[in-house]
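Engineer: Model the full structure from these sequences, guided by the hints.
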Amino acid sequence: MAYSPIVLDHFKSPRNVGEILDADGLGEVGNPVCGDMMSVYIKVEGDRIADIKFKTFGCGAAIAVSSMITELAKGKTLEEAMKIKNSDVAKALGGLPPNKLHCSNLGADALHSAIKNYLDRKSGKVVAKEEGEPHLPEKGEACYCPYCEKKVEEESPFCIFCGKEMPHEHDH
Amino acid sequence: MGFIYLDHQSGTPLHPRVKEAMSRHMETIFGNPMSDHQVGQPAAEALEKARSQVTALINAKPAEVVFTSGGTESNNHAIKGVAIGLREKGRHIITSNIEHKSVLNSLRTLRLLDYRVTSLDVDSYGLVDPGAVEKAITPDTILISIMMANNEIGTIEPIAEIARIAQKHKIIMHTDAVAAVGNIPVDVQELGVNLLSLAANQFYGPPGVGALYVRKGTPVWPLLDGGTQENKRRAGTENLIGIVGLGVAAELAREAIPTRQVRLRALKERLEQGIKARIPEIHINGHLTKNLPHLLSVSVEYIEGESLMLMLDDEDIVVATRSACASGSLRASHVLIGTGMDFATAQGTLVFTLGEENTDADIDRVLQVMPGIVQTLREMSPLYKKSAG
Chain A
1 MAYSPIVLDH FKSPRNVGEI LDADGLGEVG NPVCGDMMSV YIKVEGDRIA
51 DIKFKTFGCG AAIAVSSMIT ELAKGKTLEE AMKIKNSDVA KALGGLPPNK
101 LHCSNLGADA LHSAIKNYLD RKSGKVVAKE EGEPHLPEKG EACYCPYCEK
151 KVEEESPFCI FCGKEMPHEH DH
Chain B
1001 MGFIYLDHQS GTPLHPRVKE AMSRHMETIF GNPMSDHQVG QPAAEALEKA
1051 RSQVTALINA KPAEVVFTSG GTESNNHAIK GVAIGLREKG RHIITSNIEH
1101 KSVLNSLRTL RLLDYRVTSL DVDSYGLVDP GAVEKAITPD TILISIMMAN
1151 NEIGTIEPIA EIARIAQKHK IIMHTDAVAA VGNIPVDVQE LGVNLLSLAA
1201 NQFYGPPGVG ALYVRKGTPV WPLLDGGTQE NKRRAGTENL IGIVGLGVAA
1251 ELAREAIPTR QVRLRALKER LEQGIKARIP EIHINGHLTK NLPHLLSVSV
1301 EYIEGESLML MLDDEDIVVA TRSACASGSL RASHVLIGTG MDFATAQGTL
1351 VFTLGEENTD ADIDRVLQVM PGIVQTLREM SPLYKKSAG
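Chains as they are written, first to last, in my numbering: chain A, 1 to 172; chain B, 1001 to 1389.
Calculated from the structure, these hints are not laboratory results.
The beta carbon of each residue, even a glycine, is placed where N, CA and C say it ideally should be.
Hints are not guaranteed to be accurate.
Sample of chain B residues facing chain A (criterion: CB under 7 Å; computed from the structure) [as the list claims (entries may be wrong)]:
#, residue
1, A1160
2, R1164
3, I1165
4, E1304
5, E1306
6, S1307
7, M1380
8, L1383
To be clear about the criterion: a stretch of chain A counts as covered by chain B if any three or more of its residues have a C-beta under 8 Å from a C-beta of chain B, and this derived list gives those stretches [to be verified]:
#, segment
9, 56-70
10, 75-89
11, 104-118
12, 153-159
Structural biologist: Here's what the structure looks like:
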């Protein structure tokens, strides 16, 4: 595990932590089962993100990603902000360790979800609050090879049936 | 040291006398213990001296100690060695849900070779029920492998009782005692096990060296094939510098354990009571009395362990976390989940393992710094507010 100096800076002194009580849009992604959960609050003036705040449950990378996405989005138009990709966040942070790349997905997903929430509210759509239970991996839940779909052992380095290297497992 | 080291489980610092013995060996002896000439013989003597030192620590006989590359190899050797050695007798193995990965994944390999594994549940303290072990025995059970002390929550298992059951049914009993040996008294005669794993870096010896106790007559096939080293149990030229270090560390541990375990338990108590008094909504994991004297596992609600570990590290307090994000597997610790803990709480777990050089002042520093860090992270957490409101 080697975090870049930018990641460490954003982790130790995260920008824009908190909530906006009268937020125009709220995006919530992830769940604590996977290890990260993020809420993004936005305040919109005209077509720009005038203010943005976050709250995150997660590792060092998840907190740094949350901080960076708020910095990248602040002051941008909604259209520009929708174009911010997960890879932009990782890049702005000076890169993330390979096993932490999934954390960067959280940031852009939460931002986009907050913007969609704002647009839905504006168009008068009734916003159904997603209160679904997070998917808990069940005891004994099996792993399957994504190539030949045979049942394989957990954390196998490669599939013993087709020989293909197993991708790094992640939850997002 | 400019930092407070509270992660002895990941590796203890070398004891100065261990370091001195290893350096002296390196400078004076380079021979191969297998050579019957004047260069080889001092090496053979050093090897056997180390063996008798390890033997004394666990009350074994010299012929029963096999040197390995550490706890992982010892566990692989015990489990796969018995599976191969008794393959004509049976194909069923019993273990628990909270074993170390070197045990879990050795069994994973055996499943591929058509062995069957029964993995037993533990209670909320992490205890294996000996009655459940006996119930799981089938006519073709060849091995029971249960750890002596858990390396994440510190619970000490009823190994002697389980070993008696194994004996009654003429089944081989292995215990992974890596977290226990060097920290609490371990006596293979009292335990009655056939096989026991230990590692030097748990008691101020070097990393990359350990041993497997093999009771006389136990049918363990070699894991590494080759020459006749280690009484035909483990081929390959011995890691003699490491083994000399392990020997001295074992001798020092035997002398130090009685006083060290009392002192470290008092330090741990100070840490536990201090955390309980200063930080609300936490859980102390593991058994209340049957536990390792130097290990404290704490789950902190609403926050994630890696963030907490990194922030403590920034204050020069070095601890381990059992959060999924730090372990690389992106799944919460199988040990904590095995005790029935929910996924979110398991994510916020720190493991403190105390050691010889720690003092009251170290503990007080943790107690001074940790509450503020926990509060900062809680203020940042979406779970905290939701629970409060």
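Engineer: So, for every hint listed, does it hold in this structure?
Structural biologist: Each hint, compared with the structure:
1. Nearest Cβ of chain A to the Cβ of A1160 of chain B: about 29 Å, over the 7 Å cut. The hint is violated.
2. A distance limit of 7 Å between C-beta atoms decides the matter here; for R1164 of chain B the minimum to chain A is near 30 Å, and the interface restraint is violated.
3. Because the beta carbon of I1165 of chain B sits about 25 Å from the nearest beta carbon in chain A, more than 7 Å, this interface hint is broken.
4. With 7 Å as the threshold, the beta carbon of E1304 of chain B comes within range of chain A, its nearest partner Cβ sitting at about 5 Å, so the hint holds.
5. With a least beta-carbon distance of about 4 Å to chain A, the hint placing E1306 of chain B at the interface is held under the 7 Å criterion.
6. Evaluation of the S1307 of chain B hint against chain A yields a held restraint, the C-beta minimum of about 6 Å falling below 7 Å.
7. Given hint, M1380 of chain B at the interface with chain A, holds; its Cβ is 5 Å from that chain's nearest Cβ, closer than 7 Å.
8. Because the closest C-beta pair between L1383 of chain B and chain A is about 5 Å apart, less than 7 Å, the hint holds.
9. Closer than 8 Å: that is the beta-carbon criterion, and the segment 56-70 of chain A has 8 residues meeting it against chain B, so the requirement of 3 holds.
10. Restraint check on the segment 75-89 of chain A versus chain B: 0 residues with Cβ-Cβ distances below 8 Å, three needed, restraint violated.
11. Against chain B, the segment 104-118 of chain A contributes 0 residues with a C-beta closer than 8 Å to a partner C-beta. That does not satisfy the three-residue criterion, and the hint is violated.
12. For the segment 153-159 of chain A, the proposed coverage by chain B is satisfied: 4 residues have a C-beta within less than 8 Å of a C-beta in that chain, meeting the threshold of three.
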